[in-house]
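Protein chains: 4
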Amino acid sequence: MKPQRAIRTDLALENREMLRDERESEDINGVEIDVEKDGKLGVTVTWVRITNEEGAAAMGKPVGNYITLESAALKGNDIETHEEIAKILARKLGNLHRLPKDGMILVVGLGNWKVTPDALGPKVCAKMLVTRHLGDQTPEAIKALVRPVSALSPGVMGITGIETGEIVKGVAEKIKPDLIIAIDALAARRASRINATVQISDGGVNPGSGVGNRRMALTRETLGVPVIAIGVPTVVDAATLVNDTMDHMIDAMKEVLPRGEVFYEMLSEMREEERYGLIRELLDPYEENMFVTPKDVDSVINRLAGIIANALNIALHPGITTEDVNRYLL
Amino acid sequence: MKPQRAIRTDLALENREMLRDERESEDINGVEIDVEKDGKLGVTVTWVRITNEEGAAAMGKPVGNYITLESAALKGNDIETHEEIAKILARKLGNLHRLPKDGMILVVGLGNWKVTPDALGPKVCAKMLVTRHLGDQTPEAIKALVRPVSALSPGVMGITGIETGEIVKGVAEKIKPDLIIAIDALAARRASRINATVQISDGGVNPGSGVGNRRMALTRETLGVPVIAIGVPTVVDAATLVNDTMDHMIDAMKEVLPRGEVFYEMLSEMREEERYGLIRELLDPYEENMFVTPKDVDSVINRLAGIIANALNIALHPGITTEDVNRYLL
Amino acid sequence: MKPQRAIRTDLALENREMLRDERESEDINGVEIDVEKDGKLGVTVTWVRITNEEGAAAMGKPVGNYITLESAALKGNDIETHEEIAKILARKLGNLHRLPKDGMILVVGLGNWKVTPDALGPKVCAKMLVTRHLGDQTPEAIKALVRPVSALSPGVMGITGIETGEIVKGVAEKIKPDLIIAIDALAARRASRINATVQISDGGVNPGSGVGNRRMALTRETLGVPVIAIGVPTVVDAATLVNDTMDHMIDAMKEVLPRGEVFYEMLSEMREEERYGLIRELLDPYEENMFVTPKDVDSVINRLAGIIANALNIALHPGITTEDVNRYLL
Amino acid sequence: MKPQRAIRTDLALENREMLRDERESEDINGVEIDVEKDGKLGVTVTWVRITNEEGAAAMGKPVGNYITLESAALKGNDIETHEEIAKILARKLGNLHRLPKDGMILVVGLGNWKVTPDALGPKVCAKMLVTRHLGDQTPEAIKALVRPVSALSPGVMGITGIETGEIVKGVAEKIKPDLIIAIDALAARRASRINATVQISDGGVNPGSGVGNRRMALTRETLGVPVIAIGVPTVVDAATLVNDTMDHMIDAMKEVLPRGEVFYEMLSEMREEERYGLIRELLDPYEENMFVTPKDVDSVINRLAGIIANALNIALHPGITTEDVNRYLL
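Residue numbers (this note's numbering), protein chains in the order written: chain U, 431 to 760; chain X, 431 to 760; chain S, 431 to 760; chain Y, 431 to 760.
I should point out that these hints are in silico values taken from the structure, not numbers from a laboratory.
Incorrect hints may appear among the rest.
Said to hold, decoys possible - Facing chain X, a subset of chain U residues (Cβ under 7 Å, in silico): (1) 562; (2) 581; (3) 587; (4) 591; (5) 592; (6) 596; (7) 597; (8) 600; (9) 604; (10) 605; (11) 609; (12) 646.
Claimed, not checked - Here are the simulated DSSO-like pairs of lysine-lysine, each with C-alpha atoms no more than 30 Å apart in a straight line: (13) 470/U with 573/S; (14) 544/S with 725/U; (15) 470/Y with 604/S; (16) 544/X with 470/Y; (17) 470/Y with 573/X.
We put the beta carbon where it would ideally sit given N, CA and C, even for glycine.
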């Protein structure tokens, strides 16, 4: 069994940053990267491709595409910028996966709606334009605008006693969607990325991610249906924060230190896992359940759920535009 | 197709009251009744048995047992009386269905947690002692006290786009419970029964009941597993309330009226369905979505969810007592 | 002691409708009326002026202006229409009261945020652009756009043990606002007006209105500051609904009935108060706390709070437009 | 202007620990300490008395009594232990302040109910047995059991535009309480104290404490009424957590390091304020709004609010016992 990675992150972007720092090289076999900036909106889109098993092992993530959109505007409250970002997300979703025409989509909201930073998934589901159940009374003109979409918030295992994957698989076998889109709250390494980043990926949902502990992976292999994961980091693990800040401190002092300092060497050369373990020990045992989150997390999560739901509503329904979404769905 | 029954109720007890009034007879073929009173607690338990298809047709409910516990104390806040009622409910549940020793139970919380009077089911689920996922680390001593229990709140079709029955069936086929217990908010005919009545039944969950509109019946036939339904009426349909009050008014005036009055005759002899239809028309079209509910519905629903969850926790887990429930689960 | 008015309504518009029906006349001394329709938006604005004490006594409401905006679109979800309605409300507010330039405004959110149909006031407060506390760091350019606004949700007496009026008066004496705007949930007589009507008035807030029971009137006399009340009917009293429906039924049958019918005469000539009292008796004693409300009350109240907050934000802050409100405040 | 204290804590207990570490002495002029342990319940009660201005300056807290109750059981869910702790709190409250017989009490719930870790105060208010408004209809027998208690949750300045102190002072001048009890969420230095500590004090409420930023002190001087503050630390400031963990790390490595290490000396001798400032800079600018909190903060805050409300209900009402509280108020 591999040791738990010291630094906890669900963002492929951060896995790659760590790899680059370790190897002091931009080139990693099996990992390709592509960066695109929109200066006007202050948006950076990074496309990380893990192309083979070597890349997957190095990154600690399955082979696949990981598109990260970063923008500080995500945590602001400028609705027009949010609309623009929703449109970019909708386009990237289309780039990542050719949505089957008329295919039925199941949106799965992972996480616990009672724990604010873990409630992103259920909140997105609550804002989806759900249409699969529209029956024969619905006029053809309306039906032409929408595709069949369903949405499920299965809850978390501590509350249901059931693996989330079992619930999703059970329902998927009944309703047979052509694509599953799973929304989840993630953990980032950098505090600056909290609520300021969206990751879209076809690599499946990794177990034990984010705030919660969900163990069975949701992938095409386990569910028998293609899976796209959309996630936003909403927390940083407390030990990761301490460790990273210490790293920065060591870096900041590097210049002024004489060579051969034992303590400095100890700290900076200590293997990542060891130092992380030490920090976890020093933090209270209670810490296992602690995370770092911004004070305004309630309102930010609501807005993020709106952005993602709008992106999905535009991307999934052929005849629905940003204007419709604003007009009827906000 | 039979016309929609004029008076809307989900309580077998009220179906029988209506039948008795119509037929002016206590004896209805295929329907047996048994009443038990606990004067000290002010609790009345009525056991209605629908024993054959004739009874089922007359009652508009499937063959089965319908146990109704009535007590005004349910809507009060005396915790000790609530504990006693939870114990009675736990016993009745045991009378109704011999719980398989070690069998696994799936508790299903029907309804919409965002609509207060429809949130009973999800709230009961949130208070269940869920144990199915307890793994190998759990000490044997603890495991001896509990049976495997899981809990699912599937949401309502308007929000998921999926029939509730499809979700439950999909999950049940994966986790294979020995018994499903479905909790739901119901509609009563009499305002006095709101939040003051619990119905336990093995007749399955009727479609379109309570506040919401859920259509696929949850029964042993549809799910392949025995189903027990537990419900509490939390609303009265507005048109039912008007109609019933008018009935009472006519009754109150009967004595003083000369025979042969046209208007009186019209009102009192008008077929139930006709009068109900007229009232629905007179109420605003918007009315279709209106219900009558007490002002303190939020806190009452929370307490009712606690009583039912405690009853289930005691009934399902062999080693768990009222004291444990109070101590750890409230 | 005067008997409690049989029909319960907080809308001056409905008081006047009742007077007109009683007196079978459009002319009521001391009551003037003015109706304006916007066909495109489906909005009717009725301006009721109670000009003297005779009018006040007849109407059961203080001398003053009562502007009622009615539109079924209020309970819909078309954001553009909601914006137009917010603009109309902002204009009417300006017509009713010349806002003192640079004067400081205290917005008071009456009602109980834990009881959904009574939560309108606190929800409006939560959406206000509050600026009174902006200090010396705020740039002059920003300050030029806004006026000092503060917002208080005092709670209800059952929860605080304090008359709402005492709290508002105590705070007003400290912060000395130039105008108090009180937001409240009201009771209507007609189910069709629920969540489809806004009343703006300078007659003060009447005691015991809406869902709750708040007793000390909030008026210029009691608070020493001009008071504007903004209210939306969110419930109909259950007995009022029954009584009114019965009225309609009697009317509907009038044509076909022979003269001299005793029962018909009894019902139709029974004094309003008597019949209402009879209905209250026939409804369960518990009924005192019951009201009629639409199923989707949660989401409708949220949208209504947004419309009123936007109207206030535009009306109160000289440099804030609908676009700003949409962009930053929704 | 004095520099902001590097380590952020609202607990006098932690101020004293820091002083002791700095001065390497148990004796601090003007600060007395008294520790009491209840081994059975696992409760430690520490009474810190700041007796003169020298002590106040050293501690950074006003002259007064600061009683801290620590118990890991506070964050558990054992109701019987919670009852015992509520009884201890009730006794300590009586020790700290002789409650005036029949005097009227105003309980003030500070903080923002929309931000979970700041919602303690409003949640306690919601669970208080409020009696000031009970009128002449209340039987004398009931009145003999209770004292007049009122409760107010004024909100936070960012939402009201009004200093919390202005609201409390305005209301206090109207209703003239004999004692104000202010409940607030606090910040601790040690993660282990989060949700595991209650501080009761007559030193008034310090400005800018806890999660929020409330600036006008609530004291006998500002309000003209004695003030008791009850607080629970619910968060640790992120920079404080990093700094403290680093301290622990330096300590842990002290033994094995050769003397004269520059980096070690730099880190360990760097003045507290400097290092804290450096850490704040290294953490993201966004960090200013970040805090560390446990995952289950929602349910823990609810339970803590229950414990404190029960302690107050028992302490304030002469005829109310733990049993009554359980029976009717939970």
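* To do: Would you settle whether the hint for residue 587/U is holds or violated, based on the nearest Cβ-Cβ distance to chain X being less than 7 Å?
  => Interface hint status for residue 587/U: holds (5 Å vs cutoff 7 Å).
* Asked: Regarding the hint that residue 596/U lies at the interface with chain X, is the smallest CB-CB distance below 7 Å?
  -> 5 Å, holds
* Asked: Given the proposed pairing of residue 470/Y with residue 604/S, does the C-alpha separation stay at or below 30 Å?
  -> Violated, because 50 Å separates the two Cα atoms, which is more than 30 Å.
* Supplied contact hint for residue 609/U, tested at 7 Å Cβ to chain X -> Violated. Min distance 14 Å.
* **Cut-off 7 Å, beta-carbon criterion: hint that residue 600/U touches chain X** => With a closest approach of 4 Å, the residue 600/U hint holds.
* Double-check residue 605/U for me: the hint is only fine if its C-beta lies closer than 7 Å to a C-beta in chain X. => Hint holds; residue 605/U Cβ to chain X Cβ min 6 Å, cut 7 Å.
* **Distance restraint between residue 470/Y and residue 573/X, which requires alpha-carbon spacing of 30 Å or less** => 27 Å, holds
* Asked: Is the interface hint for residue 562/U satisfied, with its Cβ closer than 7 Å to some Cβ of chain X?
  -> Hint on residue 562/U: holds, closest Cβ of chain X at ~4 Å, below 7 Å.
* Would the pair residue 470/U and residue 573/S pass a check requiring their Cα atoms to be no farther apart than 30 Å? -> 27 Å, holds
* Restraint outcome when residue 591/U is required to lie within 7 Å of chain X by C-beta distance -> 3 Å, holds
* Asked: Is the hint on residue 604/U kept, meaning its closest Cβ partner in chain X is under 7 Å away?
  -> 4 Å, holds
* Asked: Would the stated hint for residue 581/U survive a check requiring a Cβ distance to chain X of less than 7 Å?
  -> Holds, because the Cβ-Cβ distance from residue 581/U to chain X comes to roughly 6 Å (cut-off 7 Å).
Of the hints listed earlier, those the structure fails to meet are numbers 11, 12, 15, 16, in rising order.
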